[in-house]
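Colleague: Those protein sequence lines, which keep their order, are chains A, B, C and D.
According to numbering that gives the first Met the number 0, numbering within the first sequence proceeds without interruption in unit steps and concludes at 521.
According to numbering that gives the first Met the number 0, numbering within the second sequence proceeds without interruption in unit steps and concludes at 98.
According to numbering that gives the first Met the number 0, numbering within the third sequence proceeds without interruption in unit steps and concludes at 629.
According to numbering that gives the first Met the number 0, numbering within the fourth sequence proceeds without interruption in unit steps and concludes at 176.
Simulated from the structure, these hints should not be mistaken for lab results.
Incorrect hints may appear among the rest.
Listed below are the simulated PhoX-like cross-link pairs for lysine-lysine, each with C-alpha atoms no more than 20 Å apart in a straight line [said to hold, decoys possible]: (1) C:LYS372 - C:LYS491; (2) C:LYS366 - C:LYS446; (3) C:LYS446 - C:LYS531; (4) C:LYS607 - B:LYS27; (5) A:LYS106 - A:LYS53; (6) C:LYS578 - A:LYS485; (7) C:LYS372 - C:LYS531; (8) D:LYS84 - B:LYS27; (9) B:LYS27 - D:LYS77; (10) A:LYS485 - A:LYS367; (11) A:LYS367 - C:LYS578; (12) C:LYS76 - C:LYS215; (13) A:LYS367 - A:LYS447; (14) A:LYS447 - A:LYS53; (15) C:LYS215 - C:LYS195.
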Amino acid sequence: MTLTFLFAWLILGGLLAWLAGRWNKEAPRWISLGFMIVHLIVSVRLWISFLTNKGLTLAQGEWFLMEKSPWIPQWGIQYFLAVDGLSILLIVLTSFLGLLAVACSWKGIQERVGFFFFNLLWILAGISGVFMALDLFLFYFFWEIMLIPLYFLIGIWGHSNRIYATIKFFIFTQASGLFMLISILALYFIHGSQTGHYTFDYVELLGTQVSPKIAFWLMLGFFLGFGVKLPAVPVHTWLPDAHTEAPTAGSVVLAGLVLKAGAYGFIRFLMPLFPQAGKEFAMVAMILGIIGIIYAAMVAFAQNDLKRLVAYTSVSHMGFVLLGVFAWNQLALQGAVMIILSHGLSTGALFILVGDIYDRLHTRDMDKLGGLWSVTPRLGGFGMVFALASLGLPGLANFVGEFLVLLGVYQVSVPIAALATLGFIASTIYSLWMIQKTFFGKNVNEWKMPDATPREISIYAALVVALLWLGLFPNTVLRTSRQALKNLQQITSQYFQGSKEATTNPSVEELNKSRSNYGGLE
Amino acid sequence: MIAISLNTGLIIASIMFFTGLIGVMIRKNIMFMLISIEIMLNAAGLAFVFAGAQHGQADGQIMFLFILTTAAAEVAVGLALIIQFYQNLKRSIPMLPII
Amino acid sequence: MYDLLWLVPTFPFLGFLILAIFGKKIGKKLSAVVGVGSIGLSALITILIGIQFLTNPPEGHAFVQTLWTWIAADDFKVNIAFHLDALSMVFAFVVTFVGFWIHLYSTEYMADDEGFSRFFAYMNLFVGAMLMLVMGDNLLLLYLGWEGVGLCSYLLIGFWYRDPANGYAARKAFIVTRVGDAAMAVGLFMLFYSFKSLNIQEILSVAPHVWSPGNKLAVASTLLLLGGAVGKSAQLPLQVWLPDAMAGPTPTSALIHAATMVTAGVYLIARMNGIYLLAPLSMTAVAIVGAATLLVAGFAGMAQTDIKRVLAYSTVSQIGYMFLALGVGAWSAGVFHFMIHAFFKALLFLAAGAIILAQHHEQNMFKMGGLAKALPVTFWTFLIGSASLAALPLITAGFYSKDAIIWYAWSGPNGSIYLWMAAVFGAMVTAFYTFRMVFVTFFGEQKMEISHYPTWRVHIPLIALAFFALFGGFIELPGTLGHLTLFSDFMKSALPVVEGGHHEVSLEIFSQVLTAVLALVSIFVAYYLYLKNMQIVTNFTSTKFGHGLQQFLLSGLGFDWLYERLFIRPYVWLSRTNKRDFIDFFYVFLPWLARQFHYLFKYTQTGKVRRYVVGIVFGVLVSITIVVIL
Amino acid sequence: MTILFYIAALIAIVASIMVVTRTNIIHALLYMVISLLATAVMFFLIGAPFIAAMEIIIYAGAIMVLFVFVVMMLNLGKQAVEQEKRWLSTEGWYFPSLLSLILLLEIGYLIVSGQTAPFNGRQIPPAEVGKELYSTYLIGVELAAILLMAGIIGAYHLARRKKYVVHRFLKTEGAEQ
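Modelling step: build the complete structure from the supplied sequences, incorporating the hints.
Modeller: Here you go:
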């Protein structure tokens, strides 16, 4: 029942918060905080039991936990939740960032508090569901659940231009989701007509024989669905608008979790369901990834709205995920998972920071900011750490992911890896620019503001510790996701074999022979 | 015995129908438009009756009766509306046009 | 003792953490104790380990301490592990030892600064990262230290953050080195796929079996690593950041931008000697980069007016010597020069810092003068440093280290007469600008009163470093002068021995004498031009050509100008013009189109029934026409 | 007989055209009555005497008289005729006429291109119509009854003289009474 609990608990919490909000402003905050803490405890316990029990050696087709019962049996729809290492990591990330999102909207949200936390918890519930659902219909159901509360979250508590941003966000994600729905239904009918057994069960759909041409189109439907969420480059423009207008918690959830749902979809659904089409499309997708990395980094550099800048850095970072997923080897995939986690933390942290600055100064315009270090050294210090994480400094989380992704991509294509490395430079440029314009320089406008409060410090400190921990001890995470990714790769193995042999240096055998001679220099 | 084919009848009916249609389109006075609609309804009924006569059955005539009913109801309501318009918007112009 | 190795970088990191978290609360005095003490402890342990290393070397002359597995994915596995051999021993020693003196010095130099504890936090972080760099047993850990020191360099250059110019210099340093780092990262991928490992010793031991000499991958990967080294060590063509980096506090310049960090490139190449030996082309490239840099930077140094910029260019130039040494295959000579250079350059910077402190933070040396009497200790130590830099024959350490390089530039395995000529010419230039600086600063009339007299916290580091700058050279004497090879014997376990000496002894003597004479002549020229008869220089620079030349040299031979137009402006222009994200225009266009249709069809909704009827009729017409036609 | 039919058809068409083109509404109504009577003749000739009677009684007799009553109630004068003249002289004529003409030609073409046969010629007595009406089309009759009822109530309700109420959209300032 743990899995049902993980999303039903938040649904319940949201309803309670809403009800409580009718007579008290404080109650919804405490209720949400309590519910998120319990959620975090449960998910971390799940993770620990995964690490200590048989979790690390799950064979293909096995799940660590599974809940399965018929839902609408006439149409082959099941209530099918299951987790493996990959899902567990993402769920832990969800509860962690969810907790921080609740904490960071403690003071900023003063209107319709109950409804706010209702929406927030429901988004988190939807996201938790997305990461667990293995029935495609159920998956789509959760996919939509997380969308609509987010729509309200941005539309009601957003900034001045929120209606435009919300509508844009909604149309983009909804339209792309419909493409995915078409693909899901097509797959459902193709599978049904072949086997006579109509089902949305992911595991059963895995082996569906679809003619390559159709498979390509179905894959494209999924690609659009996940690519818009990710966002991949030509369809990314909703993100900066949505981020700019969203309240802090909305940005955190959006960047930290909703985008991750797209990345997760690529790994869990797109490639295993359509390995051949995915492989054919891989080059295009990777080129999109490269363009995303460099293009978004350049656009980010030009922004003067802090939030917009951070939003574009998200696009840039998710380019690495796209690269990693479509390189589809163990290294790149592990790297992609690392980026998913570390980007969630570092970008979420930046959004919280920007939100706090905005709450104090009511501006995010970098041309008006500057010299804040002298006023708020603590905020500055934390901002520096987060910016450094974002530019991929070794020792912090993002570096591990980016390095592994590039290492994996190099195996598939040398030029793409080399080009993507330019992203290191571009990310340095915008990160340092952001720090310079915000914290360094003269305090021209003579801003005065209080430094970080204990509540904020504890949020930041939690994030810094998490970033450092992922940067220095990434193995805990890598171990967790390893077997899950291997199993996914095994599903596609018949299409992806051989590529590894071709790029490996032919003299490796020789190398292995001579490795026994190792013992210092001659 | 009458030596006319169905085609002839239908063509007569359509000429009348289109006359009414032109009336609806070109007249600006709602009263005239209402009359033109009556012409169109009448033409449609004519076509039904011709078709019924072709087969020697009563169905066509019954259809005409229904059309007649509709026309009557429509005229009653339409004229009531005109009166009401006229009373409510006491314009200097004599008839309420719908331009 | 070796088991304490992990403490060496841990103390500085600990110091950083304490200062970063509690720095404001604990006050300056305690901050200084923490900041200096952590490095002191670190240095102490390093020296103790060094003594044990000399007396009782570990098996295979290398000691490995593995702390934990850092990243393990698929067949990729790296540890957080330290590797200590002669090479990292020397570097770790220099980093902690020189670092300690500089920290001590900083307690006075930064005494009045509001960011006192922040400064020590950064400096501690730097020392920790630098130790990771030199002691990492795999290339990824080295890369971690590599980026870490780059970060500290950035933080310290921009230490006085209120001035946007400092921020600019800091960003420039970080970004330019990051360009090199990106190349290096690709090099790491290449090495990993060639050897399935990033462990340095494994790569070095396996490389000769996998790659035949001149292998394309070997050349490519070594060139990419060279890219990283060039960025970090401020060599051509990425040398532009170092002179600007002088915006940081002077102790920073001494520690990071003279003694340690900028020599990381030297360390990298020396460390990866095994694969460089397999790529003769890359070796040549290293040598040429070194030779070209030492000349370019030397020329630029001749025209600088800012005392720190002179030193900055001389640093670039001296690192050029080290690269030259590595490139020609004189590995231990390069490392030897690194060590000696660390001593005298740190000394020079610290002394320059004392001068700047004494002259109201004025850095233009032409506004100073006659300081020899007022600041005797500073003067004498500065003189010793300068002599060492200018390679004053026989008595200075710089002579022995540089002489070896000059000689190997000719006689080394990759040496050639042209490289030798460049090196000799460079030595002459070095002597000239060094003593130009000495004469202008310390002699002549005193132009400003002294604002601050240094105390023991400045003097002791100066004297200690001066001692090493003078006598540090006597552990390695050339074959013609006593033939003492303590240092290269020590390095033998880590670096290949030079297989040179195909020239005759007479030639070696000729080279040494020539270098010495040229250095002395340059010093005299500097004396004549800048002390005796300054009119000549002023006359020359007032001519059009002379002024142009001066400006050209002052700007560092126009590299900044070039890069500004080649990279910075296009990038900034491109991103600024695209601020609104042109892809978004497509998505803005879609609703616009919809709205246009709306406007178009809006006119059909007039409220005129007749028009609607016409519309219906038209529609009927169209559909019936279709029926008729079909 | 055939000649009679054609004459009746011609009268019906011409009268219809006259209806559409009149400016005086009473004239138009009278032409409309003529058109309906001619149609009734046609009905009679093709063997539908019951319908012919209905046409005269209900259409010409009741509906048209209703029109006339309304026109009388509205008390239209010469002004109305003048206005109609003005409205009719515009170019609004051409396009709708052209449209209708093309449509007419097309439909005519469709009719002519179909199968053709002479009329059956059988007289359909009213009794037959009545039987059919109250058996097969019983529901239609019921619906027609409901429609008429609705029409009566609607007409009564709409035409009742009420207090002057302006819709809130049409209200202008100071227009409240």
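Colleague: Keeping to a limit of 20 Å between CA atoms, is the pair of LYS76 of chain C and LYS215 of chain C held or broken?
Modeller: Violated, because 25 Å separates the two Cα atoms, which is more than 20 Å.
Colleague: Would the pair LYS366 of chain C and LYS446 of chain C pass a check requiring their Cα atoms to be no farther apart than 20 Å?
Modeller: Given that 20 Å is the threshold and the Cα spacing comes to 7 Å, the pair holds.
Colleague: Does the structure keep LYS215 of chain C and LYS195 of chain C at a Cα separation of 20 Å or less?
Modeller: Distance of about 17 Å is within 20 Å: holds.
Colleague: Assess, step by step, whether the Cα of LYS367 of chain A is no farther than 20 Å from the Cα of LYS447 of chain A, and give holds or violated.
Modeller: 13 Å, holds
Colleague: Going straight from one Cα to the other, do LYS84 of chain D and LYS27 of chain B come out at no more than 20 Å?
Modeller: Distance ~11 Å between LYS84 of chain D and LYS27 of chain B Cα, so the pair holds.
Colleague: Going straight from one Cα to the other, do LYS372 of chain C and LYS531 of chain C come out at no more than 20 Å?
Modeller: OK: LYS372 of chain C and LYS531 of chain C at ~19 Å, within 20 Å.
Colleague: Straight-line Cα separation of LYS106 of chain A and LYS53 of chain A no greater than 20 Å?
Modeller: Distance ~43 Å between LYS106 of chain A and LYS53 of chain A Cα, so the pair is violated.
Colleague: Can you confirm whether the C-alpha distance between LYS372 of chain C and LYS491 of chain C stays at or below 20 Å?
Modeller: With Cα atoms ~45 Å apart, LYS372 of chain C and LYS491 of chain C exceed 20 Å; violated.
Colleague: Need the status of pair LYS485 of chain A, LYS367 of chain A: alpha-carbon distance at most 20 Å?
Modeller: Measuring from Cα to Cα gives roughly 50 Å; hence the hint is violated.
Colleague: Are the Cα positions of LYS447 of chain A and LYS53 of chain A separated by 20 Å at most?
Modeller: 55 Å, violated
Colleague: Has the given pair, LYS607 of chain C with LYS27 of chain B, been kept, meaning a C-alpha gap of at most 20 Å?
Modeller: The given pair, whose Cα atoms are some 9 Å apart, holds under the 20 Å limit.
Colleague: Take a quick look at whether LYS367 of chain A and LYS578 of chain C sit within 20 Å of each other, Cα to Cα.
Modeller: 18 Å, holds
Of the hints listed earlier, those the structure fails to meet are numbers 1, 5, 6, 10, 12, 14, in rising order.
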